[in-house]
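Enquirer: Chain residues, written in single-letter form:
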Amino acid sequence: MIIGKRREQSTEIPMASLPDIVFLLLIFFLVTTTIDAEKGLDLVLPPAQSDMLEVSKKNLTNLLINAVGEVAIDGERVEIRDITRIIKESLQKNPLLIVSVKTDKLTPYDVYIDVIDKLKKAEAKRISLAEPEEN
Amino acid sequence: MKFTRKSKVSTKIPTASLPDIIFMLLIFFMVATVFKQFSGLKVSLPDAELVKKIPGSKRHVVTIWIDRNNQVVCDDYQVDKLPNLRNVLYEKRVTDPQIIIAMKVDKDATMGIVNDVQQEMRKADALRVNYSAIPGVF
Chain A
457 MIIGKRREQS
467 TEIPMASLPD
477 IVFLLLIFFL
487 VTTTIDAEKG
497 LDLVLPPAQS
507 DMLEVSKKNL
517 TNLLINAVGE
527 VAIDGERVEI
537 RDITRIIKES
547 LQKNPLLIVS
557 VKTDKLTPYD
567 VYIDVIDKLK
577 KAEAKRISLA
587 EPEEN
Chain B
58 MKFTRKSKVS
68 TKIPTASLPD
78 IIFMLLIFFM
88 VATVFKQFSG
98 LKVSLPDAEL
108 VKKIPGSKRH
118 VVTIWIDRNN
128 QVVCDDYQVD
138 KLPNLRNVLY
148 EKRVTDPQII
158 IAMKVDKDAT
168 MGIVNDVQQE
178 MRKADALRVN
188 YSAIPGVF
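First to last, the sequence lines map onto chains A and B.
When we follow the working numbering, the leftmost residue of the first sequence carries the number 457, and every step to the right adds one.
When we follow the working numbering, the leftmost residue of the second sequence carries the number 58, and every step to the right adds one.
What the hints contain is simulated information worked out from the structure, not anything from laboratory work.
Everything numeric in this text was worked out from a predicted model, so none of it was measured.
Possibly wrong hints are sitting among the right ones.
Here are some of the chain B residues that sit facing chain A, going by a computed Cβ distance under 8 Å [what the hints assert, rightly or not]:
no. : residue
1   : Phe80
2   : Asn141
3   : Lys164
Note that the Cβ used here is the ideal one computed from N, Cα and C, for glycine as well.
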């Protein structure tokens with residue numbers, strides 16, 4: 457029986473094309489990646505009805521927006537651009553103030569975003585959304 | 058006039074570390090890529106001044122689209138009846154407790170539908186919202 461002699465072949469993996477493969481992968485991931493970060497206004501919704509909190513009246517400001525986008529703070533009609541100033545003043549008087557925003561079914565969404573934006577600008581941290589009326 | 062002689066220093070750029078650099082770039086893009094992308098609905102977002110980036114990774118973001126015809130889409134799920142949205146959100150919340158809802162609402166939509174969706178979100182205990190908006194200059 458003849459046992460074949462071990463051949464002295466080199467068993468190296470060719471590395472010359474490695475950069476090409478990596479380049480290909482790189483280009484693939486470059487094309488599929490979207491770096492556009494989502495941007496927007498943060499808000500934390502109040503928890504569901506079951507654990508409702510009692511808030512004393514003097515810490516609460518009602519902000520109403522009606523169907524045509526007019527805004528009222530505590531029953532007084534105000535312009536949207538004045539919201540920041542008014543809320544800032546109220547916050548200076550009472551830092552624990554909660555702003556409760558209530559909207560109509562037909563309130564345009566961009567007015568709502570505008571109001572939230574103005575409240576953020578006034579540094580109102582405690583923004584609450586009032587329960588919409590059922591009817 | 059005498060010209061300086063060309064120096065005989067070799068002017069090759071060392072390319073031995075090129076694969077390393079490419080690998081680094083590759084790893085960056087691999088980590089940054091999120092394959093989950095949904096087509097959603099066509100909406101024109103409102104403008105806002107104080108927009109912020111959604112904190113944390115994109116992996117925790119659930120997107121809800123609402124267009125001007127009151128259609129609602131949550132990631133890849135077309136919501137036909139609003140109470141179904143609660144279960145969808147609840148399941149997402151169970152699998153990932155730190156989800157943030159990105160609301161992409163058309164600026165011509167009305168608050169009626171937005172409030173209804175928000176009520177469902179509250180019932181599903183998904184309370185962190187981010188109203189997507191375009192940074193505008195006022």
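Enquirer: Confirm or reject each hint.
Expert: Cross-check of the supplied hints:
The beta carbon of Phe80 of chain B is positioned within 8 Å of a beta carbon in chain A (closest approach about 6 Å), and the interface hint is therefore held. Restraint check, Asn141 of chain B versus chain A: the minimum CB separation of about 17 Å is more than 8 Å; hint violated. The restraint placing Lys164 of chain B at the interface with chain A holds, with a minimum CB-CB distance near 4 Å, inside the 8 Å limit.
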